[in-house]
Structure formats: C-alpha cells, structure tokens
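A.B. asks: Line order of the protein sequences matches chains A and B.
FYI, in our numbering the residues of the first sequence are 1 to 132.
FYI, in our numbering the residues of the second sequence are 1 to 132.
Do not take every clue at face value.
For chains that are exact copies, the list does not tell them apart, and a pair is met inside one copy or across any two.
[Unchecked claim] Straight-line Cα separation of at most 27 Å, DSS-like style, residue types lysine-lysine; simulated pairs:
1) Lys50 to Lys77
2) Lys77 to Lys15
3) Lys15 to Lys50
Note that these hints are calculated values from the structure, not bench results.
Number of protein chains: 2
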Amino acid sequence: MTRRSRPPAVPEPGKFAYSGLDRVIHERARLGIMTSLVARPDGLAFTDLKELCDLTDGNLNRHLDVLHEAGLVEIRKEHGRGRARTVCRVTATGRAQFLDYLAELERVVAEALAAAQASPKKVPSRMLSSQA
Amino acid sequence: MTRRSRPPAVPEPGKFAYSGLDRVIHERARLGIMTSLVARPDGLAFTDLKELCDLTDGNLNRHLDVLHEAGLVEIRKEHGRGRARTVCRVTATGRAQFLDYLAELERVVAEALAAAQASPKKVPSRMLSSQA
C-alpha cells in the first residue's frame, strides 16, 4: 500500500477540465464570428459581419485580431468601384479547427446533459425551505 | 421606398450574436465547474472540485466567486471530525440556468454544423495556392 490507503475521492481527475475546448474559438463573440464566416467561405464584408454578430466596430476589430493572430481568419481590403471595403474570410486552418471545436463541444453538451439527468432535481432541503 | 432602395446585405441581423449564451456559465472553467456540481447535487469538496476541473486554488476560488455572485452556487464550511472542509453545491437557480444554457448550446452547435455543411470545403483558390 502507498502512504494513503484511502481511495481517491475523485475517480477521474481532470474529467471536467475541458482542455480540448479551444479558448480562442470558445469566447462567445468569436464563436458567432466563426459560425458566420464558415457559412460564407467567399468572405463577409466587415459591416455585414458586424451586423450579423451584433458587435461594435471596436469589439469586432478586437476579436478579429485574436482570430487573425491564431491564423483562423484573414482580413483584406478590397478595391472595387467606389471606396475600399474590408472583407473577412475563414482560412482552411480556421475551418478545420472550428470543426474540431464543434465536435468537442458536442461531446461536452452530451456529457453535461448526462450529468444532469443522472441527478434529477435532487435539491438539498435547506435550499428548498429558504425559497419558501 | 425608403432612402436606400438596396436590400439589406445581411438578411438576419444579430443572427450569430448568441446573446442567449450566458457568459457566466460559458467561460470554459466555469462550464466544467457547473457540470461537476450538477452531477453531484449533494455537493463536492473544494479539493475534489479542483481536481476534477484541473484548476489551481486561486483559479477555482475566482470562478466560484463569479458563480456565487450570480446565485448559481453556494459555498459552505462544513465541520465534521477533523478540520473543516469547504463544500460547493449548485443552487436550484444554478441548475435551471445551466439546463437553459445547455439547450441554447445545443442549438448553437446544430446551427454551426449546418453552416459548415452548407458550404463544404469551398476554399478560395488564392488560399489553396498559398499553401502549395
């Protein structure tokens, strides 16, 4: 026997660490940006992306910087007729990482639902009485 | 006609804003904490929770503070034999909000997968050539 004969209280250390959930994509606004861009592989104008995700110019710029630094999106000025417009596109790497992220997220949801269903509405009586 | 006759470029403004995704729960570490606690409605010792979620004392304390302020968890010192231990439990409100969050997250995953499947591997040729 080892120094401590007591069995470990937690049978699966790190079970809910969710280290597979990419933090760059998981942030709520960036999740919306990535979904928008994956749906439009030809790219979306900055102004349209802003509207789809309901973000301010400043917030969208900040999140695009994070995604760009991670190699998930590319941002280009396009010059057509009239003034230039900024167009955002998902990269091949971004698309692949986003699909990996979604697969992990599906797993997390299934696991959490299973956790909740395994312990339905078992609320401590003290909590119930404090709500009465 | 209104001032601008051009139809809106984005048919569904705010479609990917995901305002229904509760920011307090969505953060990755807190998602793990909530799943752990929902699975164990009788509560989990701080040390066990730390191990399940692979967090440091400082990080777990910080995230528990956020969850506690939102009314999603309760934290108590319990005095049994030996020294006191800190026990964390999900509240009835926390459980209900977590289930709402999961339902919303399922919707987000389904929508994102649909977005990706509607535009399979359509990568701009410029990006392909730069990878060659």
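A.B. asks: Work down the list of hints and note, for each, if the structure agrees.
C.D. replies: Verification of the supplied hints:
Only within a single protomer do Lys50 and Lys77 lie at most 27 Å apart by alpha-carbon distance; the minimum there is 16 Å, versus 47 Å between protomers. In this assembly of identical chains, Lys77 and Lys15 lie within 27 Å of each other by CA distance solely across copies; the values are 25 Å between and 44 Å within a copy. For the identical chains of this complex, Lys15 and Lys50 are inter-copy neighbours only, at 11 Å across copies versus 36 Å inside a copy, given an alpha-carbon limit of 27 Å.
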